[in-house]
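Generate coordinates for the entire structure from the input sequences, incorporating the hints supplied.
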Amino acid sequence: MAEHHAVSDGKHKASTNAGGSVHGNSRPGAAGGGGGKGGLSGGLTQPAGWQSLLSFSILFLACLAGFSSRLFAVIRFESIIHEFDPWFNYRSTHHLTTNGFYEFLNWFDERAWYPLGRIVGGTVYPGLMVTAGLIHYMLNLLHITVHIRDVCVFLAPVFSGLTAISTFLLTRELWNQGAGLLAACFIAIVPGYISRSVAGSFDNEGIAIFALQFTYYLWVKSVKTGSVFWTIGCCLSYFYMVSAWGGYVFIINLIPLHVFVLMLMQRYSRRVYIAYSTFYIVGLVLSMQIPFVGFQPIRTSEHMAAAGVFALLQAYAFLQYLKDRLTRQEFQTLFFLGVSLAAGVVFLTVIYLTYTGLYAKIHIPIIASVSEHQPTTWVSFFFDLHILVCTFPAGLWFCIKNINDERVFVALYAISAVYFAGVMVRLMLTLTPVVCMLSAVAFSSVFEHYMGDDTKREKPPAEDSSDEDDKRNSGNLYDKAGKVRKHVSEQEKAEEGLGPNIKSIVTMLMLMLLMMFAVHCTWVTSNAYSSPSVVLASYNHDGTRNILDDFREAYYWLRQNTDEHARVMSWWDYGYQIAGMANRTTLVDNNTWNNSHIALVGKAMSSNESAAYKIMRSLDVDYVLIIFGGVIGYSGDDINKFLWMVRIAEGEHPKDIRESDYFTPQGEFRVDKAGSPTLLNCLMYKMSYYRFGEMQLDFRTPPGFDRTRNAEIGNKDIKFQHLEEAFTSEHWLVRIYKVKNLDNREPLDHKLRSVVPKQKYTSKKTAKRKRGHIKNKLALRKGKKLQKK
Amino acid sequence: HQPGTEKWSVVTTCRTTPLLGTLLSEKLTQMMEWASKRSVIRMNGDKFRRFVKAPPRNYSVVIMFTALQPQRQCGVCRQADEEFQVLANSWRYSSAFTNKVFFASVDFDEGSDVFQMLSMNSAPTFLHFPSKGKPRRSDTYELQVRGFAAEQLARWVADRTDVQIRVIRPPNYAGPLLLGFLLAVIGGLAYLRRHNLEFLFNKNVWAFSALCFVLIMTSGQMWNHIRGPPYAHKNPSTGQVSYIHGSSQAQFVAETHIVLLFNAAITMGMVLLCEAATSDMDIGKRKIMCVAGIGLVMLFFSWLLSIFRAKYHGYPYSFLMG
Numbered sequence: 085m086a087e088h089h090a091v092s093d094g095k096h097k098a099s100t101n102a103g104g105s106v107h108g109n110s111r112p113g114a115a116g117g118g119g120g121k122g123g124l125s126g127g128l129t130q131p132a133g134w135q136s137l138l139s140f141s142i143l144f145l146a147c148l149a150g151f152s153s154r155l156f157a158v159i160r161f162e163s164i165i166h167e168f169d170p171w172f173n174y175r176s177t178h179h180l181t182t183n184g185f186y187e188f189l190n191w192f193d194e195r196a197w198y199p200l201g202r203i204v205g206g207t208v209y210p211g212l213m214v215t216a217g218l219i220h221y222m223l224n225l226l227h228i229t230v231h232i233r234d235v236c237v238f239l240a241p242v243f244s245g246l247t248a249i250s251t252f253l254l255t256r257e258l259w260n261q262g263a264g265l266l267a268a269c270f271i272a273i274v275p276g277y278i279s280r281s282v283a284g285s286f287d288n289e290g291i292a293i294f295a296l297q298f299t300y301y302l303w304v305k306s307v308k309t310g311s312v313f314w315t316i317g318c319c320l321s322y323f324y325m326v327s328a329w330g331g332y333v334f335i336i337n338l339i340p341l342h343v344f345v346l347m348l349m350q351r352y353s354r355r356v357y358i359a360y361s362t363f364y365i366v367g368l369v370l371s372m373q374i375p376f377v378g379f380q381p382i383r384t385s386e387h388m389a390a391a392g393v394f395a396l397l398q399a400y401a402f403l404q405y406l407k408d409r410l411t412r413q414e415f416q417t418l419f420f421l422g423v424s425l426a427a428g429v430v431f432l433t434v435i436y437l438t439y440t441g442l443y444a445k446i447h448i449p450i451i452a453s454v455s456e457h458q459p460t461t462w463v464s465f466f467f468d469l470h471i472l473v474c475t476f477p478a479g480l481w482f483c484i485k486n487i488n489d490e491r492v493f494v495a496l497y498a499i500s501a502v503y504f505a506g507v508m509v510r511l512m513l514t515l516t517p518v519v520c521m522l523s524a525v526a527f528s529s530v531f532e533h534y535m536g537d538d539t540k541r542e543k544p545p546a547e548d549s550s551d552e553d554d555k556r557n558s559g560n561l562y563d564k565a566g567k568v569r570k571h572v573s574e575q576e577k578a579e580e581g582l583g584p585n586i587k588s589i590v591t592m593l594m595l596m597l598l599m600m601f602a603v604h605c606t607w608v609t610s611n612a613y614s615s616p617s618v619v620l621a622s623y624n625h626d627g628t629r630n631i632l633d634d635f636r637e638a639y640y641w642l643r644q645n646t647d648e649h650a651r652v653m654s655w656w657d658y659g660y661q662i663a664g665m666a667n668r669t670t671l672v673d674n675n676t677w678n679n680s681h682i683a684l685v686g687k688a689m690s691s692n693e694s695a696a697y698k699i700m701r702s703l704d705v706d707y708v709l710i711i712f713g714g715v716i717g718y719s720g721d722d723i724n725k726f727l728w729m730v731r732i733a734e735g736e737h738p739k740d741i742r743e744s745d746y747f748t749p750q751g752e753f754r755v756d757k758a759g760s761p762t763l764l765n766c767l768m769y770k771m772s773y774y775r776f777g778e779m780q781l782d783f784r785t786p787p788g789f790d791r792t793r794n795a796e797i798g799n800k801d802i803k804f805q806h807l808e809e810a811f812t813s814e815h816w817l818v819r820i821y822k823v824k825n826l827d828n829r830e831p832l833d834h835k836l837r838s839v840v841p842k843q844k845y846t847s848k849k850t851a852k853r854k855r856g857h858i859k860n861k862l863a864l865r866k867g868k869k870l871q872k873k
Numbered sequence: 002h003q004p005g006t007e008k009w010s011v012v013t014t015c016r017t018t019p020l021l022g023t024l025l026s027e028k029l030t031q032m033m034e035w036a037s038k039r040s041v042i043r044m045n046g047d048k049f050r051r052f053v054k055a056p057p058r059n060y061s062v063v064i065m066f067t068a069l070q071p072q073r074q075c076g077v078c079r080q081a082d083e084e085f086q087v088l089a090n091s092w093r094y095s096s097a098f099t100n101k102v103f104f105a106s107v108d109f110d111e112g113s114d115v116f117q118m119l120s121m122n123s124a125p126t127f128l129h130f131p132s133k134g135k136p137r138r139s140d141t142y143e144l145q146v147r148g149f150a151a152e153q154l155a156r157w158v159a160d161r162t163d164v165q166i167r168v169i170r171p172p173n174y175a176g177p178l179l180l181g182f183l184l185a186v187i188g189g190l191a192y193l194r195r196h197n198l199e200f201l202f203n204k205n206v207w208a209f210s211a212l213c214f215v216l217i218m219t220s221g222q223m224w225n226h227i228r229g230p231p232y233a234h235k236n237p238s239t240g241q242v243s244y245i246h247g248s249s250q251a252q253f254v255a256e257t258h259i260v261l262l263f264n265a266a267i268t269m270g271m272v273l274l275c276e277a278a279t280s281d282m283d284i285g286k287r288k289i290m291c292v293a294g295i296g297l298v299m300l301f302f303s304w305l306l307s308i309f310r311a312k313y314h315g316y317p318y319s320f321l322m323g
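Going line by line, the protein sequences match chains A and B.
Each residue of the first sequence is one higher than the one before, starting from 85 at the first, in my numbering.
Each residue of the second sequence is one higher than the one before, starting from 2 at the first, in my numbering.
It is possible that some hints are incorrect.
Stated by the list, open to error - When the alpha-carbon atoms are kept at most 30 Å apart in a straight line, the in silico DSS-like pairs for lysine-lysine are as follows:
#, chain 1, residue 1, chain 2, residue 2
1, B, K286, A, K739
2, B, K288, A, K485
3, A, K485, B, K204
4, A, K305, B, K288
5, A, K485, B, K286
6, A, K407, B, K204
7, B, K101, A, K739
8, A, K859, A, K822
As the list claims (entries may be wrong) - Chain B is nowhere near these chain A residues, computed Cβ spacing over 12 Å in every case:
#, residue
9, W134
10, P199
11, T207
12, E532
13, K587
14, D706
15, E796
16, N799
To be verified - Heads up, incomplete: computed chain A residues facing chain B, CB under 8 Å, no partners named:
#, residue
17, T461
18, Y503
19, V590
20, H604
If you are wondering where the hints come from, they were derived from the structure by calculation, not from laboratory data.
Ideal Cβ positions, reconstructed from N, Cα and C, are used throughout, including at glycine.
In structure tokens form, the structure reads like this:
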């Protein structure tokens, strides 16, 4: 099975010859392993050697496949950092390597959130930067001179190899070695994990999943052995996880939940007591060493469950101790029930509070505007996990049916992770490892029974059902060459067996499913998750490729042509990129810690020019950068994001900005002539479409035809008073405007009072046309009813 | 001479008002009395003309024009009415309650003349009658654009009248009550069977409930819960009912149920395959189980793949079914 995997992975790596050939070589070896296993029953003397060689090579190939399938972007484009957040991580890693660790911890970044600045050292999880910095340092120590950027680009693929190994270890503890290898193969190529760990995606999640799996492995190990050694290892791994990602909260809630459920199931043992007591205390102290976490572990509600379970465990252990001395059984059970009930209530309340807190956060516009915070459709589940999402409930079934301490853990892991993945699509990431593990259990159980020999299988049933006997099973598992022995088994066909025909058909079909899975993973990785989004590519009809490098073009323009301290205003999505690539001061960025500041930028973008100019003057803005996709049909541009700017601005300034003003009376958001006048005159619209009305893209369409929204723009005559166009990139994707300084003297709004009388005085007497009139004559006017108010 | 005429005209209006309505103070006390009885004042044509249409008036009135009678079959009206009640109650029982703003409703069957007078032909409609001047265009609530959530209405009211209303929804006791009831039933059962708590240790029960939860989550029921999509879509022109949403960004409720069943079938197939190999039943039954298992897995997986393919445009792979 695993070799099959490796082979299909080799297929998609056709571009890299080395990978393919390695697989090609490994195949006879693996088949030989299978043959060796077949010979084992015949009396081969050294099965262990074959087994470890086979396991090792499969694991190695899984790591290799995981690493190389993440390189699509590097091969297609170049070794660059992707998207948005990675740019910040890269910038701070760069700061770390040039200025040293302590300087990094104390770093106050005055180039972000102008004029507020941002304390970076205390507001980031430093694990990622320190890891990359350390690797860079080590390599340089060995005189392997690599640029820090390359270390950053390749960090996530390397760590995905490590994730495969730790998943193997964890699954081996839970089920058997065969399932472990299968799980390692799954996690190496599953899209749900690749989505966050392609080369260039230098983000916390890339290393955090490794830390997560490794912590869980060490936890399971320490519960199994009850040794302080493993628990300390678990704490250290937990410490690494805390330093790397905010998702450590998942661990600090799942492990107490495990302990709590074990107690409820009366599976309490001294091993659990030792493991959890040590873990909680050491882990707590270690996690508080991270500046960004600080005293949160003893303050916030997310961590209270862990503390509650710790107290409960001590009480329970004390009761157990008493129980040995006193023998008042009834009283004890009653007391136990009371305590567990109270603890359960506390636990549920905490969960409820956390949940409501999360729920409230979802409804704040700035959080709702981020597409990662949406709930998950079944299509996303299928897209990211394919066959695994359908089969992992079967693995869960087997685990619960053959329950033991560590399988309780994996069941809880699956249930909680699947809940969170359902609520928020980005948490699919934490679900993916457990899905791989449980699917591996399901597939492994099937292969275990269908790949082996009928007669041999049925004779020792007790041996088969026991999980500890993993060596034998895993040997059978990779025994794919059924054809030879089919011949043998036909001769000695056992009455109770299912028969070789059915078995081979089932095996073939299952392998086919897994092959489809591998193909799906490759396709998804190649098409959906390997775009750097800093560089865009489009394909012509004949298959040739156009590279649109507008973003970098514009950022380098900023870098080369503007003052070093120039302040650039843009929507927050582009803050990190401007800071990272253009090295200029930004007003807002992707670390959305200050909503009112963002709302101010949103207000400037959605007001008319003169109102916006006042805001921009007060914020000292020198340049405004916007993304405009109307020329090439790029849908992620600022006009499409514009309603979020309006909404966020309205949240803070409801008097000045109203969302309904930007819609037509029919409730549509249109950029053409029918669009609302407020929209057609706001700053964002004017900046996007400045001089666009003169541009005819195509003979079939009128000038000023927006390809993204398929409409002819409504305001073609755009003039600026306070801004001037500074730069527009090749495909108009990025447009930069300079904010003009104040004029020398403000022109007066009203006309100067005229001192000279308009008419010269002429004597009425001399005017011939003038009629005479009677003084004080009553003028007759018709009575008018006053207008009703 | 201009001031003179004005005075004259004021006198005229003063003389005419008692015929149309009552004095301002009387109207205000009357309105307050009604508002104290029910937060949304029900009006008919006569009341509407006297208390809303006719001057003098120094209070704003927010009126919902609606058709709540069952024979009108206006489902939207009922939902909008609930939201409007929530808003009016939040205002009525808030500490900031004054006589500046009143909430009222006019039902079509009680005041159809009002509908005619305002030449209105759709319900529900929300109108604001400001304390000064005539209603302008923005005094008509854009129902199509903003929806009828109480929060949106409150923003509109705040916009029109400068009265900030914090919408307080009456807490929904149904959920906790149901949960409490369920817990009580479970507790009661456990108490009744306290000498026979074997069922708590039945792995099948636990495994089955865990599987249910997992299947519910992976089929996107949480998305349904948060987004509230329709059950299925009926094409108004052809009358054809589609159960599968055409885009990968959204889904119908029916579709998620189908996916749930498919996932369950595949899981069952996997379990059957293992059972077939390990159980002690006679060989014929086991063979049937095995074939059924692999059949379930293959059939429903390829079916699921074909549905996925229909939704995710440009996906190249399929299996058994196109």
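Hint check results:
For a cut-off of 30 Å, the pair hint linking K286/B to K739/A is broken: about 74 Å separates their Cα positions. The suggested pairing of K288/B with K485/A holds, with an alpha-carbon distance near 23 Å, which does not exceed 30 Å. Proximity of K485/A to K204/B is assessed by CA-CA distance (about 6 Å); at most 30 Å being required, the pair is judged to hold. A hinted pair counts as satisfied when its Cα atoms are at most 30 Å apart, and K305/A with K288/B does not qualify at roughly 39 Å.
Proximity of K485/A to K286/B is assessed by CA-CA distance (about 22 Å); at most 30 Å being required, the pair is judged to hold. Between the alpha carbons of K407/A and K204/B the distance comes to roughly 28 Å, so the proposed pair stays at or under 30 Å and holds. Taking the CA atoms of K101/B and K739/A, the gap is near 20 Å; set against the 30 Å cutoff, the hint holds. Between K859/A and K822/A, the direct Cα distance comes to roughly 65 Å. Violation of the 30 Å bound is thereby established for this hinted pair.
A cut-off of 12 Å between C-beta atoms confirms that W134/A is not in contact with chain B; the least separation is 25 Å. Once the 12 Å rule is applied to beta carbons, P199/A is consistent with being away from chain B; the minimum gap is 31 Å. No Cβ of chain B approaches the Cβ of T207/A within 12 Å, the least distance being about 30 Å, so the stated non-interface status holds. In this structure E532/A is not separated from chain B by more than 12 Å, as the shortest Cβ-Cβ distance comes to only about 8 Å.
Look at K587/A: its CB is around 9 Å from the nearest CB on chain B, not clear of 12 Å, so calling it non-interface is violated. At roughly 35 Å from the closest C-beta of chain B, the C-beta of D706/A stays outside 12 Å, upholding its exclusion from the interface. For E796/A, the non-interface assignment is confirmed: its Cβ lies about 24 Å from the closest Cβ of chain B, beyond the 12 Å cut-off. For N799/A, the non-interface assignment is confirmed: its Cβ lies about 22 Å from the closest Cβ of chain B, beyond the 12 Å cut-off.
Interface hint at T461/A: satisfied, since its Cβ lies 5 Å from the closest Cβ of chain B, which is below the 8 Å cut-off. Interface hint status for Y503/A: upheld, as the beta-carbon distance to the closest one in chain B is roughly 6 Å, under 8 Å. At about 5 Å, the closest approach between the beta carbon of V590/A and any beta carbon in chain B falls short of 8 Å, and the interface hint on this residue holds. For H604/A, the interface hint holds, the least distance from its beta-carbon to any beta-carbon of chain B being 6 Å, beneath 8 Å.
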